[in-house]
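Protein chains in written order, with this note's numbering: chain A, 1 to 257; chain B, 258 to 448.
Simulated from the structure, these hints should not be mistaken for laboratory data. Using N, Cα and C, we set each Cβ at its ideal position, and we do this for glycine too. Any given hint could turn out to be false.
[To be verified] Chain A is faced by these chain B residues, among others (derived, beta-carbon under 8 angstroms):
#1 E278
#2 L280
#3 D296
#4 G298
#5 L302
#6 F309
#7 D326
#8 L331
#9 E334
#10 K401
[As the list claims (entries may be wrong)] In silico DMTMM-like cross-links for lysine to aspartate or glutamate, where the CA-CA straight-line distance does not exceed 20 angstroms:
#11 B:K322 <-> A:D111
#12 A:K72 <-> B:D342
#13 A:K53 <-> A:D73
#14 A:K103 <-> B:E284
#15 A:K109 <-> B:D339
#16 B:K322 <-> A:D194
#17 A:K192 <-> B:E329
#18 A:K109 <-> B:D342
#19 B:K295 <-> B:E312
#20 B:K322 <-> A:E106
#21 A:K102 <-> B:E278
#22 A:K103 <-> B:E329
#23 A:K109 <-> B:E330
#24 A:K102 <-> B:E409
#25 A:K102 <-> B:E370
#26 A:K72 <-> B:E370
#27 A:K109 <-> B:E278
#28 A:K103 <-> B:E334
#29 B:K295 <-> A:D68
#30 A:K109 <-> B:E284
#31 A:K102 <-> B:D427
#32 A:K103 <-> B:D428
#33 A:K103 <-> A:E117
#34 A:K192 <-> B:E278
#35 A:K53 <-> B:D342
#36 A:K72 <-> A:E106
#37 A:K109 <-> B:E329
#38 A:K109 <-> B:D306
#39 B:K295 <-> A:E45
#40 A:K102 <-> A:E117
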Amino acid sequence: MGPCRGRVALVTGSSRGLGRVIARTLSEAGADLIINYRQAGGRSETQARALAKELVERGSRAVAIQADIGQKDAVAAMFQQIGAEFGRLDILVLNAARAPFKKAGELLKRDLLELVETNYLGNVYCLQQALPLMQGRPGHVVFISSLGSRFALPSYPLGSMKAAMESLVKQWATELGDRQITVNGVTVGLLKTDSLMVLRQYWPGVERLPASAFVDLEDVAGVVLFLCSDAARSIRGQNLVVDNGLSNELLHAVPSS
Amino acid sequence: MPEPLISQATIYRAVQTAIGEALQIPEEKVTPDRSLIKDLGVESLDLIDINFRLEQDFNIVMPRKYLLDHVEELFGEGTAIDDQDRLTGAAVTIWNARLGSTGTAVHAGMSIEAVPAVHSPRTLVMVVEEILVREPRTCPAWRKSAWTVADERFITCGQCGARAPLSTGDDVIRQWLEDFRARGGLTSHTP
């Protein structure tokens, strides 16, 4: 009898990595799950469907829905399907992200558009479409941010979008407070997911950092679950740093390669 | 051209293994001309995983950027992809000159979205091969040429045992594009 029993949750970009662990955690807490993935016909689809199947076999309701959140029509279609199948939404976890890894001077117009479409507009589209399904009940929105919102990382233009979203978190929390919808962000440190493969191309040696520099996926998912629970209902518009303490120290001893 | 230090067959086997391990599929499924995306289900994160494995295999740095991104950085935004996100004539000329031999085909007006799907294991082999054939003429430490191959994969100085400093994949592409322009490869597209 978990804290999310009877609730319906959507985690965007949940076929892999952190999104997948968050989806599983919410399901274990009793929520019905919508697993979202962007690309049809690839590994994400296979993995999203496998996760949905696994959750169903454990007794939850779960579906995998393909939608590129950067496309407004695709987001509308996804929420139409959620409305038809579940009739409601209680928890929205904005986890999906996609970005070019380039220095600012190298960003082409289409890189910039992709950056804004997926990581800013896409989140706004999802919230706009979610609100009618969250009508009349308390609800929770959690945005997954990263330390890139506050600190410069090499070839990481995504950080600026994370910063924009952290600002929106406060805006939305204020606008939706009267409806008892909480909106918060989780600012995540270094994770050992697929995204580390990307980071190590631009930040050689990152994979050799001590284990203490990384935060466990389950720990992040636990904080997301907490923010989606009644116990956290007075936390509004906050961006909680979950980084195993990485950002507390200005200077870190980086192991030599 | 002298015999390359590391054979194409060795590179191909490494590409096959890298794809098989990254996607967790049997290596036999990886044949030279299958589309990485359409046939094998590769996504952008998988490609990074595959590249990383190849980097470890040969002590190289794979390109971080696509050919057409380099074209636009060097020759100006809009030269390879128009404002409707379609390939230009210049993009097709460059593509065919560089990748035509790998059997990949693009055409003017094609959507940029459709381009990654034309890549195959053969394209990856070419990328690795191009980096490996550009070992410096001499070992920086010994100022002599005594390149040999260690563990069948690593170009190494026979004198001091140091790994050869190789150009990065991005450097190779940039250099190729500069050379292509210098020998007039783009003149038909210059007004």
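Hint-by-hint comparison with the structure:
Contact between B:E278 and chain A, as hinted, is not supported at the beta carbon level, the nearest pair being about 13 angstroms apart and thus beyond 8 angstroms. The restraint placing B:L280 at the interface with chain A holds, with a minimum CB-CB distance near 7 angstroms, inside the 8 angstroms limit. Because the closest C-beta pair between B:D296 and chain A is about 10 angstroms apart, greater than 8 angstroms, the hint is violated. For B:G298, the interface hint holds, since its Cβ comes within 8 angstroms of a Cβ in chain A; the closest pair sits about 5 angstroms apart.
Look at B:L302: its Cβ gets to within about 5 angstroms of chain A, closer than 8 angstroms, so that hint holds up. For B:F309, the suggested interface contact is upheld, since its CB lies about 6 angstroms from the closest CB of chain A, less than 8 angstroms. For B:D326, the interface hint holds, since its Cβ comes within 8 angstroms of a Cβ in chain A; the closest pair sits about 7 angstroms apart. Look at B:L331: its Cβ only gets to about 11 angstroms from chain A, farther than 8 angstroms, so that hint breaks.
Because the smallest distance between the Cβ of B:E334 and any Cβ of chain A comes to about 6 angstroms, under 8 angstroms, the interface hint for this residue holds. Violation of the interface hint for B:K401 is found here, the shortest Cβ-Cβ separation to chain A being roughly 27 angstroms, above the 8 angstroms cut-off. Pair hint B:K322 plus A:D111 holds up; C-alpha atoms about 12 angstroms apart against a cutoff of 20 angstroms. Between A:K72 and B:D342, the direct Cα distance comes to roughly 19 angstroms. Compliance with the 20 angstroms bound is thereby established for this hinted pair.
Simply put, A:K53 and A:D73 have alpha-carbon atoms about 26 angstroms apart, too far for the 20 angstroms limit, and the pair is violated. Note on A:K103 and B:E284: the hinted pairing is violated, with a Cα-Cα distance of about 35 angstroms set against a maximum of 20 angstroms. With a C-alpha separation of about 11 angstroms, the suggested pairing of A:K109 with B:D339 holds against the 20 angstroms cut-off. Between B:K322 and A:D194 the CA atoms are separated by roughly 18 angstroms; this keeps the pair inside 20 angstroms, and the hint holds.
With a C-alpha separation of about 33 angstroms, the suggested pair A:K192 and B:E329 falls outside the 20 angstroms cut-off, and the hint is violated. With a C-alpha separation of about 10 angstroms, the suggested pairing of A:K109 with B:D342 holds against the 20 angstroms cut-off. For the given pair, B:K295 sits about 24 angstroms from B:E312 by alpha-carbon distance, which is inconsistent with the 20 angstroms threshold. For a cut-off of 20 angstroms, the pair hint linking B:K322 to A:E106 stands: about 10 angstroms separates their Cα positions.
Note on A:K102 and B:E278: the hinted pairing is violated, with a Cα-Cα distance of about 27 angstroms set against a maximum of 20 angstroms. Of the supplied pair hints, the one linking A:K103 and B:E329 holds, its CA atoms being roughly 15 angstroms apart against a limit of 20 angstroms. Annotation: proposed proximity of A:K109 to B:E330 holds, straight-line Cα distance about 11 angstroms (limit 20 angstroms). Simply put, A:K102 and B:E409 have alpha-carbon atoms about 33 angstroms apart, too far for the 20 angstroms limit, and the pair is violated.
Pair hint A:K102 plus B:E370 holds up; C-alpha atoms about 19 angstroms apart against a cutoff of 20 angstroms. With a CA separation close to 18 angstroms, the supplied pair A:K72 and B:E370 stays within the 20 angstroms bound. A distance of roughly 35 angstroms separates the Cα atoms of A:K109 and B:E278; the hinted pair therefore is violated under the 20 angstroms criterion. Pair hint A:K103 plus B:E334 holds up; C-alpha atoms about 16 angstroms apart against a cutoff of 20 angstroms.
Of the pairs offered as hints, the one joining B:K295 and A:D68 holds, with about 18 angstroms between alpha carbons and a cut-off of 20 angstroms not exceeded. Between A:K109 and B:E284, the direct Cα distance comes to roughly 38 angstroms. Violation of the 20 angstroms bound is thereby established for this hinted pair. Of the supplied pair hints, the one linking A:K102 and B:D427 holds, its CA atoms being roughly 13 angstroms apart against a limit of 20 angstroms. Our distance criterion of 20 angstroms between C-alpha atoms is met by A:K103 and B:D428, whose separation comes to about 16 angstroms.
Using a Cα cut-off of 20 angstroms, the hinted pair A:K103 and A:E117 holds, with the two alpha carbons roughly 19 angstroms apart. Pair hint A:K192 plus B:E278 holds up; C-alpha atoms about 18 angstroms apart against a cutoff of 20 angstroms. In summary, the hint linking A:K53 to B:D342 is not supported, as the alpha carbons are separated by about 37 angstroms, beyond the 20 angstroms threshold. Proposed proximity of A:K72 and A:E106 is contradicted: the alpha carbons are some 27 angstroms apart, above 20 angstroms.
Proposed proximity of A:K109 and B:E329 is supported: the alpha carbons are some 11 angstroms apart, at most 20 angstroms. Distance hint between A:K109 and B:D306 is unfulfilled; the C-alpha atoms sit about 26 angstroms from each other, more than 20 angstroms. Restraint check for B:K295 and A:E45: the C-alpha separation of about 13 angstroms stays at or below 20 angstroms, so the hint holds. Of the pairs offered as hints, the one joining A:K102 and A:E117 holds, with about 17 angstroms between alpha carbons and a cut-off of 20 angstroms not exceeded.
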